[in-house]
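J.: Starting from the known structure of chain A, arrange chain B on it as the hints suggest.
Number of protein chains: 2
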Amino acid sequence: MTRSVGETGEFALVEAIGARLPPSDLPLGPGDDAAVVAAPDGRVVASTDMLVEGRHFRRDWSEPYDVGRKAAAANLADIAAMGARATALLVALAVPEDLPADWVLSLADGLRDEAAEVGAPVAGGDVVRSGVITVSVTALGTLEGRDPVTRAGAQPGQLVAVAGRLGWAAAGFAVLSRGFRSPRVLVEAHRRPAPPYDEGPRAAELGATAMIDISDSLVADLGHVAAASGVRIDVESAAFHVPPAFTDTARALSADPMAWLLAGGEDHALAACFPREVDLPMAWQIIGRVGEGEGVLVDGQTYAGPAGWRSF
Amino acid sequence: MTRSVGETGEFALVEAIGARLPPSDLPLGPGDDAAVVAAPDGRVVASTDMLVEGRHFRRDWSEPYDVGRKAAAANLADIAAMGARATALLVALAVPEDLPADWVLSLADGLRDEAAEVGAPVAGGDVVRSGVITVSVTALGTLEGRDPVTRAGAQPGQLVAVAGRLGWAAAGFAVLSRGFRSPRVLVEAHRRPAPPYDEGPRAAELGATAMIDISDSLVADLGHVAAASGVRIDVESAAFHVPPAFTDTARALSADPMAWLLAGGEDHALAACFPREVDLPMAWQIIGRVGEGEGVLVDGQTYAGPAGWRSF
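Chains as they are written, first to last, in this note's numbering: chain A, 1 to 312; chain B, 1 to 312.
Don't read these hints as lab results, they were simulated from the structure.
Be aware that one or more of the hints could be misleading.
[Claimed, not checked] Where chain B lies over chain A, by a calculated footprint (3+ residues, C-beta under 8 Å):
| id | region |
| --- | --- |
| 1 | 21-32 |
| 2 | 101-112 |
| 3 | 146-155 |
| 4 | 233-246 |
| 5 | 290-299 |
Just so we're clear, the structure is a prediction, and the values are computed from it rather than from any experiment.
Just so you know, even glycine gets a beta-carbon here, dropped at the ideal spot from N, CA and C.
Excised from the complex, chain A in its bound form:
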């Protein structure tokens, strides 16, 4: 399909997207007024996020397939951060009339493939016209009988640990912002996060008391946990291992690699608090402790962050 969205029409576009979806075992799949998704334990976890062109992605920096993967990942990570497994995605998409229909199909492929990583089908969607490409994703999930792991359960004395990549998307963003296209591994990390989906339910089973997906930055998102739990979180910078891929690039860009780790978002790593006695698997790296008080301290100090950084 090399025609535009306008020439193709929303109905034909929705049909073409549907034709690219594999068969699912949903009780009722896409194509009707609504879909029906299994909720085996009598509850459904639900989260919604919106990505807007120019704010959350740029067409000259990211292929549509990667935008789709990223839009899905942002939501699927929210489900994982509750200790749940995703069961379905719903997608609403606003696109300009003159956008190639192929662009939309590639985006839909990316959404489908990211959801397939966790075994979640695309259950429904909507395509409308707008001057600004806007992707709104709702992810549904199941807690498999467990309690949800909220942001509010952290207790003084507990450990703070992280699973997944930190700072990679920020490093890739820094590279792209300076007009470079390499190192490729960082640019790719900006284009397509790789959240540790399975670690969410695993953390819940291990007894995690609070969990969050790192979408804004480690410090900002731990700040949400500290506020919701009524605790202070102490992060130790010595606990972080700066990826070798960061070192040369940080030097070339005169950037601080610790700032990418602490103040970078969009990798959708998971941060969780655990009782001290827990035997954490390799995927979880201990980075700090929960204490009495409020806010987040890095090495005992309020983290000032890189120039221009807002910690909300």
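T.: Using the frame of chain A, we list chain B on its own:
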């Protein structure tokens, strides 16, 4: 709050919206990475729709409160059309930086109040910036143990009936398009649909074999039922009662009131097919029959529609 969205900030705005929501009995309400919604029969019905300024609403024609009600209604009607009851709404909202924060709060109030009509709380949301106001709503619902009523179950010999208003939104749109602001009852109907939510589950209980919410137009949406069910639908124009409010306005605008009824959308009435022996309550008006064949005929003819009308 007379400040703009930019001055207020997304976090404060989300907090202000949250503060205006009544307490709910959700297993987990808004404010975490995801919400948890009850799905008592082990399944959840889910539907998503997007409204874009300039395409689905105009700020000079509709108050933000009405835009919120309309955005919620479009999704809640999809849930009703499956024979389900809504259990929660999730909302993603993109707004320009210079939009008054009050505008956003009124929109959120409208979403909240329309959802409250069916007892569904707002379970979560996202607010981001964009040049174009975009409202994306996902509605969840429960089938209460019933089978979903899809578009695909109509059988030759069955009756076709409609619950809710037909053509009112189209009449209001025609009035506004000509620069008028009255009759108020029609303009209000365009601004705020009044879907017959309870009739969806009731139709399912009465044995409806196929159902759809009329968002595009009666003829177009019955066309979806005919295609999905592999049947022909015969609509009889004599079965329609033209509302007295239509007559004078149609004359003044040189419009055809039957076109509003047959080709107007956005009222989110429900159309359903029933076995002939069913004893239909007053809310359901019989407008036609299911036959062998394909497509939708009005008085035995393909409906040409008003000038400029596309039946998809």
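J.: Compare the structure with the hints numbered earlier in the document and write down the numbers of the violated ones, lowest to highest.
T.: 2, 4, 5
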